[in-house]
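One point on numbering: in this note's numbering, the residue at position 17 of the sequence shown is 17, and numbering is uninterrupted.
Misleading hints may appear alongside valid ones.
[As the list claims (entries may be wrong)] With a Cα cut of at most 27 angstroms, we get these calculated DSSO-like pairs of lysine-lysine:
(1) 99 to 136
(2) 99 to 70
(3) 136 to 70
(4) 134 to 70
(5) 99 to 134
Because the hints were derived from the structure by calculation, they are not lab data.
Given the structure is predicted, the values throughout are model-derived calculations rather than measurements.
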Amino acid sequence: MPDRRRVLLVTDLAYQAQGRRYCDEDIFLTSRLRDAFDIALCHPLDAASLMDAFDAVVVRNSGPVLHYQKQYDAFREQAAARGTLIYNPLSGRGDMAGKQYLLDLTAAGYPVIPTVDRPEDMDMLPEAGQYAVKPKAGADSIGLTFVPRNQLSDLAYGDVLVQPRVEFRYEVSFYYVDDAFQYALYAPDPERRWVLQPYEPTDADLTFARRFIDWNTLGHGIQRVDACRTQDGELLLVELEDLNPYLSLDLLSERTRNSFVESMTSSLHRFLDVRPHS
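All chains should be modelled from the sequences, with the hints used to inform the complete structure.
Here it is as structure tokens:
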């Protein structure tokens, strides 16, 4: 029997998220990944000191890193210096790297909620009843406020993003392992973001989502493309989550859940194969 690879799964089992139980998801995932790997769990604050004993570190439901930004930055620096395999790889261009991608995608003409961060760019935003103002380092709607257009000039620019408040029919999320689509879920009620149901995407939906997966160029890992369906029927990107996307595995059929676990296990094996056994 070949040696089993050692995986350190980073999670905050005590993190409280509205409408989601992070701990249940990671307990389930580790129970299944254990069939293929020797696996241990640790809190994100302990990852840097423990990771040398493992073949790879898998970052899962570790909570918003803004709560421990200094330690997270140190973890990234040490992982890069030691050549530690981190899954998702730290080269992601989405939320992992902050909110700059929303500005980049807006400038490049992608179907994204228009986003600016300078007062001189306000003319790029369509007219709206209100505008969403969010910290560039935000997560989980922390620091999100809404203001009318006549107050946009009063904002402290530099650390915030501004977007029109879009009236949408619903939000929908597309889940990928590596570059392979796995499943989609949506929230029929815009006021209840995390009351999700299975969603059957059209070919056009998948073409939309795939544009952002291709743009991110992340060779391995789990990504979630969050979008909203406007009143006109158009999909617009809300977030490209490539750090620690919650997966809502409890809402899936057993068949879909098993398929996801198989895809993640295969992805991890391929990821680990880039380095010989220690």
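How the hints compare with the structure:
With a CA separation close to 5 angstroms, the supplied pair residue 99 and residue 136 stays within the 27 angstroms bound. Annotation: proposed proximity of residue 99 to residue 70 holds, straight-line Cα distance about 18 angstroms (limit 27 angstroms). At most 27 angstroms may separate the alpha-carbon atoms for a hinted pair to count; residue 136 and residue 70 meet this at roughly 16 angstroms. At roughly 21 angstroms between alpha-carbon atoms, residue 134 and residue 70 fall within 27 angstroms of each other, so this suggested pair holds.
Under the criterion of a C-alpha separation no larger than 27 angstroms, the hint pairing residue 99 with residue 134 is consistent with the structure, at around 10 angstroms.
Consistency note: the structure conflicts with none of the earlier hints.
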